[in-house]
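*Asks:* Each chain is listed here by its residues.
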Amino acid sequence: MEFKNTKGIFLQIADSISEKVVEGKYPPGEKIPSVRDLAAEMGVNPNTVMRTYSELQTREIIDNKRGVGYYVSADAVEIIRKWKRKEFFEIELPLIVRQTRILDITLDELKPYFESPINSNPHENQ
Amino acid sequence: MIQIKDLHFAYPRQQALFNSLSVHLEAGSITGLLGKNGAGKTSLLKLLTGLLHPVSGELSVMDHQPRKREVSLLNDIYMVPEEFFFPSISIRDYVKAYTPFYPRFDHELLDRILIEFELGNERKLQRLSHGQKKKFLIAFALATRCRLLVLDEPTNGLDIPSKALFRKILAGSLDEDQLVLISTHQVKDVENLIDKIIILDNGEVIFHQTIQEISQKVAFISGTSEEREEAIYSEAVPGGYRLMIPNGLEETEVDIELLFNAITNGHKIG
Amino acid sequence: MVIKSDKAMQTNNSFSFHRLMLLFKQKLIINKRRYPLAIAAFSGGLIISFVFAQTINNFGNWSNMHFVSTFISVFVIVGIAYSAFSFPPFRSKEKSMVYLMLPATNSEKFVFEILSRIVAFIILMPLLYWILANLEGAVFHYYFPELVNYKFSFRDGFLAIVKDGKFEFWALILTLQGILFMFIAPFAGAGYFSKSPLVKTLLTFSIVILSYFLFTFLLTKSLNLQGLHPVGNSLIFMKDSQTVIKLLGIGMVIVNLALLAIAWFSLKEKEA
Chain V
1 MEFKNTKGIF
11 LQIADSISEK
21 VVEGKYPPGE
31 KIPSVRDLAA
41 EMGVNPNTVM
51 RTYSELQTRE
61 IIDNKRGVGY
71 YVSADAVEII
81 RKWKRKEFFE
91 IELPLIVRQT
101 RILDITLDEL
111 KPYFESPINS
121 NPHENQ
Chain A
1 MIQIKDLHFA
11 YPRQQALFNS
21 LSVHLEAGSI
31 TGLLGKNGAG
41 KTSLLKLLTG
51 LLHPVSGELS
61 VMDHQPRKRE
71 VSLLNDIYMV
81 PEEFFFPSIS
91 IRDYVKAYTP
101 FYPRFDHELL
111 DRILIEFELG
121 NERKLQRLSH
131 GQKKKFLIAF
141 ALATRCRLLV
151 LDEPTNGLDI
161 PSKALFRKIL
171 AGSLDEDQLV
181 LISTHQVKDV
191 ENLIDKIIIL
201 DNGEVIFHQT
211 IQEISQKVAF
221 ISGTSEEREE
231 AIYSEAVPGG
241 YRLMIPNGLE
251 ETEVDIELLF
261 NAITNGHKIG
Chain U
1 MVIKSDKAMQ
11 TNNSFSFHRL
21 MLLFKQKLII
31 NKRRYPLAIA
41 AFSGGLIISF
51 VFAQTINNFG
61 NWSNMHFVST
71 FISVFVIVGI
81 AYSAFSFPPF
91 RSKEKSMVYL
101 MLPATNSEKF
111 VFEILSRIVA
121 FIILMPLLYW
131 ILANLEGAVF
141 HYYFPELVNY
151 KFSFRDGFLA
161 IVKDGKFEFW
171 ALILTLQGIL
181 FMFIAPFAGA
191 GYFSKSPLVK
201 TLLTFSIVIL
211 SYFLFTFLLT
221 KSLNLQGLHP
231 VGNSLIFMKD
241 SQTVIKLLGI
251 GMVIVNLALL
261 AIAWFSLKEK
271 EA
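Protein chains in written order, with the working numbering: chain V, 1 to 126; chain A, 1 to 270; chain U, 1 to 272.
Hints are not guaranteed to be accurate.
[Unchecked claim] Facing chain A, from chain U, some residues (calculated, C-beta under 10 Å): (1) Q26; (2) K32; (3) P89; (4) E94; (5) K95; (6) V98; (7) A104; (8) I254.
[Unchecked claim] Examples of chain A residues toward chain U, derived with CB under 10 Å: (9) L52; (10) S72; (11) L73; (12) D76; (13) E83; (14) F101; (15) R127; (16) G131.
To be clear, the hints were calculated from the coordinates, so they are not data collected in a lab. The beta carbon of each residue, even a glycine, is placed where N, CA and C say it ideally should be.
Given these sequences and hints, build the entire structure.
*Replies:* Encoded structure:
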C-alpha cells in the first residue's frame with residue numbers, strides 16, 4: 001500500500017494555476033500574476049515559480065509577452081484537460097484501481113458515486 | 001558572488017573548525033545553510049562578512065576579501081545575526097542614523113514591510129520583544145538592497161503568523177542580483193523558500209545542490225516496510241516510514257529533514 | 001543636518017569626509033537624549049563643587065588658581081574616564097558586530113573615535129569649564145557683590161601656577177605629550193581590551209613601569225655602578241636635566257605613537 005505523496009511544489013503551483021484556468025478564474029487572454037507577485041503571495045521561492053511558468057509555457061498553457069508578463073493562451077483549457085486526463089489515467093487511476101482490488105470494491109458499489117450529482121455523498125443518503 | 005577555496009579557520013587555542021572548505025555561490029538564489037550544532041554555520045557566515053579572519057585559503061565575496069572590510073563590500077552585505085543589540089531609540093531615529101551608509105537603501109520597501117509586520121515608526125527599539133526586533137532587522141536588511149543578505153536563524157523568535165509573513169516578504173522583495181544565505185535549524189520555516197541546500201559537516205561542505213536537482217534525483221514518499229528495501233534512506237514515522245527513493249515518475253516535495261539526516265549519515269544521492 | 005548620499009560613497013575605500021560626518025550624525029541621533037543629560041549632570045556637579053569649595057573658604061580668596069587646580073583634577077579624572085570609554089561597541093559582541101559591519105572604513109572609524117573622544121574632550125571640556133566657572137562667579141557676584149575675584153581666566157590662573165611664565169621647547173613638548181598620553185593610553189586600552197579596559201590598562205602600565213625600575217635596579221647592581229642611583233638621581237643615566245627632558249619628550253612622542261598604532265591595529269584586526 002502506498003500513500004498519496006505530495007507533488008513537488010512547482011507542480012502544485014502549476015496545478016493550482018491550471019485549476020483556476022479551467023474554473024474560469026483566469027480566462028484565456030487574461031494576464032496572470034508576475035513571478036515575483038505569485039512568489040510573494042505564496043511565500044515560495046521565485047525560482048520555483050519561474051520553473052512553474054516555464055513548464056506551463058512549454059505546455060502552451062501560458063504565453064510570455066516579453067516585458068509585459070504572462071497571459072493565459074487561447075487553447076489553455078483544452079490543453080489542460082488533455083494533460084490532466086493523461087495524468088489521471090496514468091497516475092491516479094492505477095492507484096484507485098489497486099486500492100479497490102485490495103479492499104474488494106466492486107464496480108456496482110462505485111456506480112452510485114458517479115451517478116449522483118457532484119458534491120453529494122451517496123453514503124449519507126443510504 | 002562567493003568563492004571559497006581551501007579555507008582554513010580555527011578559533012584561537014582551538015582545534016581547526018574548517019580545514020579545507022571550498023564552496024562557490026552565485027547570485028539569484030535563496031540558499032539554505034544547514035548543519036548540526038557546532039558545525040560552524042555561524043562562523044562561516046562571520047567569515048563571509050569579515051567579522052572573522054581566515055587562517056589561510058581563498059575567500060572572496062563580490063571580488064573583495066571580507067577581512068579588509070572595505071566600504072564597497074560592507075555597503076553591499078547585510079547580516080541579521082542570531083543575537084543582536086539595539087540602542088534605545090525609535091525606529092525612525094535608527095533609520096535616520098543607519099540608512100545613509102547604504103547607497104541603495106529602499107525606504108518605500110522598508111515602510112511597506114514595517115506595515116506588514118505591524119511595526120510603527122515611533123516604536124522604541126529597546127521596548128520591542130525579541131521577535132519584533134528581529135522582524136525590524138529583517139525588514140531593514142531587505143530594504144538595504146544589499147546584494148548579499150546573510151540571515152542567521154531568521155525565524156527564531158518569530159510567532160506563527162510572522163513566519164509565513166517572513167517567507168512571503170522575502171520571496172517578494174528580492175532582485176535577481178541578490179543572494180540570500182539562510183542558516184537555520186528550523187527547516188520547516190524555510191521549506192519552499194530556499195532553492196538550494198548546502199550542508200556543512202565536519203568542517204566541510206558535504207552537500208550542495210538545488211532543490212530542482214534534488215527532486216529530479218530522489219523522491220520523498222511515505223510507505224511501508226516492503227518499500228524500505230529500495231529506499232536510499234528511511235526513517236520510521238507513526239503509521240509507517242518516510243522514505244527517500246530514487247526518483248521514478250514524478251517529482252515530490254523535498255523533505256529537507258529526511259534529506260539532511262540521509263546526507264549527514266553518509267548517504268549520497270549522486 | 002541633511003547629508004545626501006553621493007557617488008563617492010560607493011567607490012571610496014580609503015577615507016571619505018562625508019562618511020566621517022555621517023558617523024557624527026549617527027552618534028548624535030543615537031545619543032540625542034544622553035548627551036544633554038550627561039552635560040547637565042556634569043555642569044550641575046561642577047557648580048555644586050564650586051559652591052561647596054567656596055563655602056569652605058567663606059566665599060573669600062577663591063582665586064583663579066583655585067579654579068585652575070580644580071580644573072586640572074577634573075580634567076585629568078574625567079578625561080581618563082571618558083577616553084577609557086572609547087570604542088564603546090567593543091564592550092559586547094553584538095555591538096561589535098554592528099560596528100565592524102557598518103559601511104565606513106577603519107580609518108574613518110578610527111579618526112571618528114579620536115575626534116569624538118580625545119579632541120572633542122580637550123576642546124569642549126575647558127570651554128564648558130570656563131563658561132560654568134564664570135557663570136557661577138557672575139551669579140555669586142550678583143548676590144554677594146563683596147566678592148571681587150569672580151572672573152575666571154585660564155591664562156591668569158596658569159600664570160599664577162607657572163611662576164616664571166616661560167616654558168622651554170622640550171619641556172613644552174614633554175608636557176603636551178604627557179597630557180596626550182593621559183588620553184591616548186586609556187584610548188588604546190579601550191581598543192585593545194574588550195572587558196574592563198581601564199583596569200587592565202592601569203595594570204599593564206603599572207607592570208611596565210615596575211619592570212622598568214626593576215630592570216634598571218638589577219642592571220646597576222649587576223654592573224656594580226655604585227655611584228648611580230637611577231631612581232633618585234635621574235631616570236635615565238643623565239646628569240643634565242635639559243637632556244633628560246629632551247629624551248623624555250622624544251620618548252613620550254614615541255610611546256604615544258606606539259599606543260595609537262596599537263589602537264589602530266586593534267580596530268583593524270578586531271573580530272566579533
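*Asks:* None of the hints should be skipped; say for each whether it holds.
*Replies:* Hint check:
Annotation: interface hint on Q26/U holds; nearest CB of chain A at approximately 4 Å, less than 10 Å. A distance limit of 10 Å between C-beta atoms decides the matter here; for K32/U the minimum to chain A is near 7 Å, and the interface restraint holds. Hint status for P89/U relative to chain A: holds, with the closest Cβ pair at about 9 Å, below 10 Å. Because the smallest distance between the Cβ of E94/U and any Cβ of chain A comes to about 4 Å, under 10 Å, the interface hint for this residue holds.
With its C-beta approaching chain A no nearer than about 5 Å, K95/U sits inside the 10 Å limit, and its interface hint holds. A distance limit of 10 Å between C-beta atoms decides the matter here; for V98/U the minimum to chain A is near 7 Å, and the interface restraint holds. Interface hint status for A104/U: upheld, as the beta-carbon distance to the closest one in chain A is roughly 6 Å, under 10 Å. This hint is violated: I254/U has a C-beta 28 Å from the nearest C-beta of chain A, more than the 10 Å allowed.
With 10 Å as the threshold, the beta carbon of L52/A comes within range of chain U, its nearest partner Cβ sitting at about 5 Å, so the hint holds. For S72/A, the interface hint holds, since its Cβ comes within 10 Å of a Cβ in chain U; the closest pair sits about 6 Å apart. Because the beta carbon of L73/A sits about 8 Å from the nearest beta carbon in chain U, less than 10 Å, this interface hint is met. With 10 Å as the threshold, the beta carbon of D76/A comes within range of chain U, its nearest partner Cβ sitting at about 8 Å, so the hint holds.
A hinted interface residue such as E83/A counts as satisfied when its beta carbon comes closer than 10 Å to some beta carbon of chain U; here the least separation is about 6 Å, so the hint holds. About 4 Å separates the beta-carbon of F101/A from the nearest beta-carbon of chain U, less than 10 Å, and the hint is met. For the restraint placing R127/A at the interface with chain U, the shortest Cβ-Cβ distance is roughly 14 Å, beyond the 10 Å limit, so the hint is violated. A distance limit of 10 Å between C-beta atoms decides the matter here; for G131/A the minimum to chain U is near 17 Å, and the interface restraint is violated.
The structure fails to meet hints 8, 15 and 16 from the earlier list, while all remaining hints are met.
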